[in-house]
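> Chains as they are written, first to last, in my numbering: chain X, 4 to 403; chain R, 49 to 309; chain H, 719 to 1103.
The set of hints was computed from the structure by calculation and includes no laboratory data.
Heads up, some of the hints might be wrong.
Below are the SDA-like pairs computed for lysine to any residue, each with C-alpha atoms no more than 25 Å apart in a straight line [stated by the list, open to error]:
| hint | chain 1 | residue 1 | chain 2 | residue 2 |
| --- | --- | --- | --- | --- |
| 1 | R | LYS257 | X | ILE61 |
| 2 | H | LYS766 | X | ASP320 |
| 3 | X | LYS59 | R | MET265 |
| 4 | H | LYS729 | R | PRO235 |
| 5 | R | LYS196 | X | LYS59 |
| 6 | H | LYS729 | R | MET265 |
| 7 | H | LYS732 | R | GLU91 |
| 8 | R | LYS203 | X | GLU261 |
| 9 | H | LYS744 | R | ILE81 |
| 10 | H | LYS836 | R | GLU91 |
| 11 | X | LYS265 | R | PRO112 |
| 12 | R | LYS247 | H | LYS753 |
| 13 | H | LYS1065 | X | LYS265 |
| 14 | X | LYS159 | X | ASN278 |
| 15 | X | LYS262 | R | GLU154 |
| 16 | H | LYS993 | H | ALA896 |
| 17 | H | LYS744 | X | SER327 |
| 18 | X | LYS59 | R | LYS247 |
| 19 | H | LYS744 | X | PRO295 |
| 20 | R | LYS306 | X | ASN278 |
| 21 | R | LYS241 | H | TYR778 |
| 22 | H | LYS732 | R | LYS203 |
| 23 | R | LYS241 | H | THR725 |
| 24 | H | LYS753 | X | ARG290 |
| 25 | H | LYS732 | R | MET265 |
| 26 | H | LYS729 | R | VAL78 |
Far from chain X, by Cβ distances over 10 Å, these chain H residues were calculated [as the list claims (entries may be wrong)]:
| hint | residue |
| --- | --- |
| 27 | TYR722 |
| 28 | GLN728 |
| 29 | ASP891 |
| 30 | LYS919 |
| 31 | GLN933 |
| 32 | SER940 |
| 33 | ILE952 |
| 34 | ASP1026 |
| 35 | LEU1097 |
For the chain X half of the interface with chain R, some residues (derived, Cβ under 8 Å), not all of them [stated by the list, open to error]:
| hint | residue |
| --- | --- |
| 36 | SER48 |
| 37 | ARG219 |
| 38 | TYR326 |
Predicted model only: the values in this text are computed from it and were never measured.
Just so it is clear, CB atoms sit at the ideal spot from N, CA and C, and this is done for glycine as well.
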Amino acid sequence: MSGIKIDREKCIGCSACVGVCPVGAISMVDGKAIIDMAKCTLCMSCVSTCPTDAIKVIRQTIVKDMDINSYKGVWVFAEIEEQNIASITYELLGKAKTLAKDLNTYVGAILLGENVKNLSQKLIERGADKVFLIDHSSLKHFISETYANTIINLIKKHKPEILLAGATTLGRSLVSRIAIGAYAGLTADCTGLDIDKERKILIQTRPAFGGNIMARIISPNFRPQMATVRHKVMPEAVIDPTHKGEIIEENFDESFVEKRVKFIDFIKEETSKVNLAEANIIVSGGRGLRNPENFKLLEDLADVLGAAIGSSRACVDAGWIPYSHQVGQTGRTVNPKIYIACGISGQIQHLVGMQSSKVIIAINSDPNAPIFKVADYGLVGDLFTIIPSLTRKLKQLKNK
Amino acid sequence: MRIAVCIKQVPNTTEVKINPKTNTLIREGVESIINPFDMYAIEEALRLKEKFNAETFVITMGPPQAESALKEAISMGIDNPVLVSDRAFAGSDTWATSLTLAKAIEKIGNIDLIICGKQASDGDTAQVGPGIAAHLNIPQATYVNHIKNINIEEKWIEVSRLLENGFEILRVELPALITVVKEINEPRTPSLKGKMRAKSIQIPVFTNKELQIPENMVGLNGSPTQVVEIFTPSHKVGGKIFQGDPDHIIDQFILEIKDLL
Amino acid sequence: MINYQLTEEQKMIKDLARQIAEEKIKPYSKEWDEKEEFPESAIQALAKSDMNAICIPTEYGGMGGGVFDLCLAVEEIARIDGGVATSYAATFLGMFPILLNGTEEQKKKYLPDIAAGKKLCAFALTEPEAGSDASNVKTTATKDGDYYILNGTKHFITNGGVADINVVIAVTDKSKGARGVSAFIVEKGTDGFTFGKKEEKLGIRCSPTRELIFQDCKIHKSQLLGGMEGLGFIATMRTFDYSRPGVAAQAVGIAQGAMELAIEYAHKRIQFNQKITSFQGIQWMIADMGTKIEAARALVYASAKAADSGQKNIGPASAAAKYFASDVAMEVTTNALQIFGGYGYIKEYPIEKYMRDAKITQIYEGTNQIQRNIVALALIKEFGK
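Taking the hints into account, I'd like the entire structure generated from these sequences.
In structure tokens, the structure reads:
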């Protein structure tokens, strides 16, 4: 039986663990921490909080009936967007190259679709040593079940030790099915991937609670070790035209086709000029804009910067801007290079959606607004004065 | 038609505060709520119930106190709750969680449509929904923003999915699983009669005695992934704040950031 | 400040009303006010959540609660939006005559739909020349076989045009004075029943106030309230006895909401390098607001409980609660706006709406002057030896 235990000898009664327990299962009795096992969900939050390592997890190691050492290669699922390789794929390849080097193995790319063979070279240029290609009319549209069946079969045949995919709507819909079918461990939304060189296993780092806490996760006894990776977190692999790779064409088995799902149509959304997840710079507005017309000020600034427009929930709820622009807990999680928050106070629900941005700039009239706590640069003042002036000055700078 | 909604109880982040000294979450005394995305799943099930006279189930996996989440769903109008709770289930990762929930759904039996929120606000994985579908070997449609049509006789559902760059329309045979996004509806508030019913309802509990999942496939033991460490990310301390005459501070600011652009 | 020892069901009502107010009303309040738009989604949310069932007996599909329970709901809604509270409470104003004086058939026909939130109500008494004087209405109902023919115009009718069920006061026998006044249940869509001018108002702007026009409007005698002529005046008086605590609760809610906003603002507003809540001038204003609201609330709750206990002649108590609470609301909202200073006077901040909304509570369902008359006459009758 697995579980969790507090070593009463080691516990110094500091109660650090009490505050971090999300379910309130830990209390102090006679100066020692006690876990109420009826409440504990074994989330592990307390374990690393303990300064004396008094909290121990007891885990029976279940070893799957598989020869782990026979699994080789770091694979990447190549996501296709409008007949081209999506940029997330290059980010994955960049990471895969480092991981493969540490493991002394090859980089593989899975390329599925119809008339996609010509894209193989692009993957090779970005570091793929092997491209596992299946070019078939049944793969024209992404149907997660069909793709998952196909990839599970490739995994069985070629035994990769690691499989990475983008944490996109497509990637997230696909990999969970693969993980179940292949009986593999999957860590979603990773922001960091490293190799434990001693154990030759993948260490996956992912944020939880919208980035307020981070977890390191391993899957030592299962293969492949699967992870999805957030967009814009890792740098793209550089193009190396001299890099050579092998294209391995596999046959498509009709039995992989999911007949219960029919693609009917795809309607491109015309309104969203810029995809928030793709944007390098986001200019975001909050309640401080006071009325919907003032988003124009942000658009002017965004035009100069080539930025996308984001919004806090308040503006979306008030009907000032469509939901597709909402950043935060019930909107999108973004991590652009620069996030400019204008008139956003910085409620935690908003912060969890943007605080992993590389540089945060806040413009707000209230110097005590929580947004300034996460900001790298803060401008305190009236945004109706600051933004137009900033836009004008940046424009001048650009024209020089 | 029988519909099952899977929900998760999560800490209410509206109330979560960050300890400024340690930069850790203060979670003590934080109220538990239904994962906000699951509220849309409940609402959609209720709309289908009103339209097709469907029987609705709500399922959650968690410790006994997760009962309050089920009661809230009942107060909104869901017919039947199921609590999936057993010490053996604690510590489950997405693989083991989706297996356990899939077994619970099988146990309820004859479910035509499973609805989940697109992801949970604490874990953010979006993996459990598709995982349940995979364990049950039924088709899925994720990120659904609109149910366009349901044909009960021919047993299919037609949905619109919200993708990064547009909408995809899929027709999926039932039984199926869908995960829904915020755009699909606006969740209702509970009703007084629903609250009265929730107060007195007996909630059936499925333990592993009922579900009979091999011990090495549930909970901590049955989870392929292992959390080895949880830590607080290093936060930025003290950003640069510009305050004063607007013209002056903008010039200073631009000087500071122009290399970033 | 004071714990009123609410029962579990009462807490449920209060919590749910607050939840609906925060989630389904607050985000849209300003827009509805600006556009004078009927808060359809909020009224529907309240109706679907069984909030219209509160004081309808369980045998008619209601929750079996009383006036006090209704007051809890109205107060919470008014705390966020006085206008929505008006439209919400107006359904009860139209429902009470049916509940209090309707025949069994009429109760069975209408109360379940009202409780289920399917039908909204209005009470149509006021006419251009008959405001607080219920016995002086000019709208006539002339008997014609199994029917009555209604002619006349009602104005200032809350929920006019949106209510499905309208209780209309009309004269059936002019020679009998107050005893010649009857009440009719008139459904929306009846031939000869149309809607006239919609008023543009200072406050409670989202709640529609409209003219009801009856031109040879033929009503079957089964729609005569209580099945007999002459019940109009007594039904009106009894309805007001039950509804006035609701208006008073609305006033308490408006005052409470305004006070909370003012304190929240004052605690953030920095002048002379300190929060203005640190100034004694502001502190005393806050203390007076809080104390007066609590006094008003105590009186409102007491009068509502008196109504629920079946106590006879609750008129003076509900009149006292109504005028006291609404005067408090006017004073508190004025002072709350004062605390906001210049920002309070502009539309960007929500506080001015509270002051506009508060004013009506001193006027409608009997002006505060009429209320004072009721209280004074009762006291003189009792002690004027």
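> Now tell me if each hint is right for this structure.
How the hints compare with the structure:
1. R/LYS257 <-> X/ILE61: 22 Å, holds
2. H/LYS766 <-> X/ASP320: Holds: H/LYS766 and X/ASP320 sit about 21 Å apart, inside 25 Å.
3. X/LYS59 <-> R/MET265: 21 Å, holds
4. H/LYS729 <-> R/PRO235: Holds, at about 22 Å.
5. R/LYS196 <-> X/LYS59: 50 Å, violated
6. H/LYS729 <-> R/MET265: Cα-Cα ~44 Å, so violated.
7. H/LYS732 <-> R/GLU91: Distance of about 23 Å is within 25 Å: holds.
8. R/LYS203 <-> X/GLU261: Holds, at roughly 16 Å.
9. H/LYS744 <-> R/ILE81: 21 Å, holds
10. H/LYS836 <-> R/GLU91: 20 Å, holds
11. X/LYS265 <-> R/PRO112: Measuring from Cα to Cα gives roughly 40 Å; hence the hint is violated.
12. R/LYS247 <-> H/LYS753: Answer violated: R/LYS247 to H/LYS753 is near 40 Å, above 25 Å.
13. H/LYS1065 <-> X/LYS265: Judged against 25 Å, a Cα distance of about 53 Å means the pair is violated.
14. X/LYS159 <-> X/ASN278: 36 Å, violated
15. X/LYS262 <-> R/GLU154: 22 Å, holds
16. H/LYS993 <-> H/ALA896: Between H/LYS993 and H/ALA896 the Cα gap is close to 59 Å, so the pair fails against 25 Å, i.e. violated.
17. H/LYS744 <-> X/SER327: 22 Å, holds
18. X/LYS59 <-> R/LYS247: 38 Å, violated
19. H/LYS744 <-> X/PRO295: Measuring from Cα to Cα gives roughly 18 Å; hence the hint holds.
20. R/LYS306 <-> X/ASN278: 24 Å, holds
21. R/LYS241 <-> H/TYR778: With Cα atoms ~14 Å apart, R/LYS241 and H/TYR778 stay inside 25 Å; holds.
22. H/LYS732 <-> R/LYS203: 43 Å, violated
23. R/LYS241 <-> H/THR725: 16 Å, holds
24. H/LYS753 <-> X/ARG290: Holds - the C-alpha atoms of X/ARG290 and H/LYS753 are around 20 Å apart, at most 25 Å.
25. H/LYS732 <-> R/MET265: Not OK: H/LYS732 and R/MET265 at ~46 Å, beyond 25 Å, violated.
26. H/LYS729 <-> R/VAL78: 21 Å, holds
27. TYR722: 29 Å, holds
28. GLN728: Nearest chain X Cβ is 28 Å from H/GLN728, so the label holds.
29. ASP891: Nearest chain X Cβ is 54 Å from H/ASP891, so the label holds.
30. LYS919: 23 Å, holds
31. GLN933: Since the minimum Cβ distance to chain X is about 40 Å, H/GLN933 lies beyond 10 Å and the statement holds.
32. SER940: 45 Å, holds
33. ILE952: The claim holds: H/ILE952 sits with its nearest Cβ about 47 Å from chain X, beyond 10 Å.
34. ASP1026: 38 Å, holds
35. LEU1097: 50 Å, holds
36. SER48: Status holds, d = 5 Å.
37. ARG219: 4 Å, holds
38. TYR326: Holds, about 6 Å.
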